[in-house]
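Engineer: Work out the full structure, taking the sequences as your base and the hints as a guide.
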Amino acid sequence: MKNILEYLETAAKNYPDKIGFTDMDRAASFLQVMKHSKRIAGSLQNCEANSPVAVMLDKNIQCIESMFAAVYAGCFYVVIDVHSPASRISRIFETLSPKAVITDETFLTLAQSVHEKDTIILYEEAVKNPIDEVFIDEVRERMIDTDPLYVLFTSGSSGVPKGAVLSHRSVISYINWVSEEFAFHSATIFGSQTPLYFSMSVTDLYSTIKCGGTYSIIPKTLFSFPVKLIEYLNRKQVNTIYWVPSAMAIISNWNVFSYAMPEYLKTILFAGEVMPVKHLNYWRGFLPDCSYANLFGPTETTDICTFYRIERPFQDNETLPIGKACNNCNVFLLNENGRKAGIGEEGELIVRGSFLADGYYNDPEKTAAAFPQNPLNSSYPERIYRTGDIARLNEKGEFIYISRRDLQIKRMGYRIEPGEIEAAVNSLEDIKASTVIYDDAADHIIVLYDGKCRDTSEIAAVLKTKLPSYMCPDRLIRVKTMPYNANGKIDRAQLKKQYIG
Amino acid sequence: MKQTTQQLLKLLQELNPDITYEGRTDLFTSGDLDSISIVMLVPELNDTFDIEIKVTDIIPENFNSMEGMLSMIQRLQNEAE
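So the sequences go chain by chain: A and B.
Those letters in the first sequence? Residues 40 to 540, per my numbering, in order.
Those letters in the second sequence? Residues 106 to 186, per my numbering, in order.
Hint data in this document are derived by calculation from the structure and do not stem from the laboratory.
Each hint can be trusted.
Simulated pairs of lysine to aspartate or glutamate, EDC-like, Cα-Cα distance not exceeding 16 angstroms: (1) A:LYS317 x A:ASP355; (2) A:LYS74 x A:GLU172; (3) A:LYS503 x B:ASP123; (4) A:LYS535 x A:ASP479; (5) A:LYS536 x A:ASP479; (6) A:LYS41 x A:GLU177; (7) A:LYS275 x A:ASP64; (8) A:LYS259 x B:ASP137; (9) A:LYS503 x B:GLU119; (10) A:LYS41 x A:ASP186; (11) A:LYS74 x A:ASP171; (12) A:LYS503 x B:ASP137; (13) A:LYS519 x A:ASP489; (14) A:LYS41 x A:ASP184; (15) A:LYS267 x B:ASP162; (16) A:LYS449 x A:ASP478; (17) A:LYS503 x A:ASP513; (18) B:LYS107 x B:GLU172; (19) A:LYS267 x B:GLU166; (20) A:LYS535 x A:ASP482; (21) A:LYS259 x B:ASP139.
Structural biologist: Here it is, written out as structure tokens:
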């Protein structure tokens with residue numbers, strides 16, 4: 040197998056009329072999605088091999104068809120969050136230089152504000168193209184499994200988002216593990232919560248086309264109306280979910296299961312942030328017969344590198360282990376001396392194997408830093424990925440997550456580098472310095488700044504145009520002077536003590 | 106009643122000052138009062154009006170207009186008595 044489209048084509052052959060995808064407006068079969076994708080690919084014939092195609096669409100079947108279209112045309116796709124500010128999209132495009140942008144009428148104006156008109160492709164038009172099988176066959180013939188499939192941008196500490204490059208081979212290797220581990224099959228119906236520009240979506244989407252299951256997109260608004268959310272899950276007969284803990288917490292915080300119960304759920308997987316056991320226990324109390332697993336991993340290892348099946352009771356105040364490495368994935372801990380950490384010893388989580396991204400797009404420096412030679416191997420070239428996460432091994436050989444080595448905030452499943460927020464604040468006139476601290480208990484991003492401007496609502500308004508909403512601070516506090524430590528760096532610890540306690 | 110309306114308007118404006126709330130019946134359906142806003146609004150409403158919004162109250166109909174929110178608030182206040 041050399042190309043993920045083989046999954047789609049096999050599904051279209053084995054289950055042509057089966058509904059493989061549903062969104063708010065549509066239900067589409069594998070065959071229909073395949074045909075649409077091939078049609079749209081016709082508009083991308085001028086894009087060079089392995090070049091980037093940006094997809095600027097909401098999370099719906101059109102978006103998925105556009106993603107596959109890029110691959111049919113021999114390119115790779117980059118899904119853009121259309122609800123993030125144009126300035127952030129522009130920064131991504133500076134790094135990416137997409138050869139084409141696929142969008143629709145809704146987002147055409149946005150697309151035109153960040154990309155030249157000539158290579159903006161409208162879904163509504165492209166989906167009417169005839170299918171050029173000769174072109175498609177030529178593309179497939181020359182493509183190889185190490186060709187890039189997508190680039191996913193994640194928050195960067197210098198303020199610039201990093202684009203992790205994933206090849207067909209990595210995704211195929213990863214999907215082989217996840218679909219086998221959780222026994223996904225043609226009757227699996229995913230209720231998908233995570234956006235398509237987020238690595239968790241890779242798991243449900245590609246498992247669906249590999250196994251001939253169903254990928255049911257949950258309209259985001261339903262997460263604000265929890266009872267309607269359950270009704271939706273039942274209408275679609277969702278039996279498998281893979282959500283971020285914050286989404287699951289909505290259910291427990293509202294005691295939704297006392298009013299409405301999911302009737303078909305069997306498999307409940309979660310990842311993206313630490314799962315507070317209190318929420319898990321609520322779910323387990325109402326759905327004791329479902330199987331639960333905590334999955335862990337960065338975008339740079341496709342999605343997941345370790346996992347832990349929940350098979351015993353946990354107290355609300357306990358921490359869930361992140362478990363053991365996935366089959367065909369190697370995970371170990373390196374201590375400060377660059378040696379393997381012993382049982383109970385803290386170390387940085389390192390990942391080895393074919394789930395790894397190739398690196399960051401157009402960023403050799405960050406790539407070299409994050410994907411160096413394996414320090415335990417001096418015999419032949421072998422890359423590892425340094426996650427920047429600190430963990431330890433318990434006596435059972437399970438990894439226990441401790442914290443980020445740096446100060447990245449994980450909130451609602453998003454990875455937020457304080458640096459990106461600070462960069463946005465610092466870019467404002469009259470701001471001398473700023474620091475982001477995170478109040479864990481209140482889940483608040485607090486920005487402390489040193490600057491002339493006293494009108495915090497004005498600053499907040501400007502930040503809204505520079506940062507996606509999940510990165511905008513909850514509190515903006517003006518400090519008289521910013522404290523610095525002996526190294527000359529802003530004394531975060533002191534600020535944290537002063538403002539959070 | 107007017108005081109409740111004022112308090113509600115203040116809360117809504119704190120949440121998002123850029124939106125016009127009065128006289129509208131499409132706050133949610135237009136996308137102005139989005140997912141996150143509603144999730145954040147509910148605890149504020151509970152605190153300010155000393156009510157307990159139940160999950161079955163969290164439906165689009167109750168949040169599409171100020172009138173909708175006010176009548177929900179009043180109903181919950183009456184139920185508590």
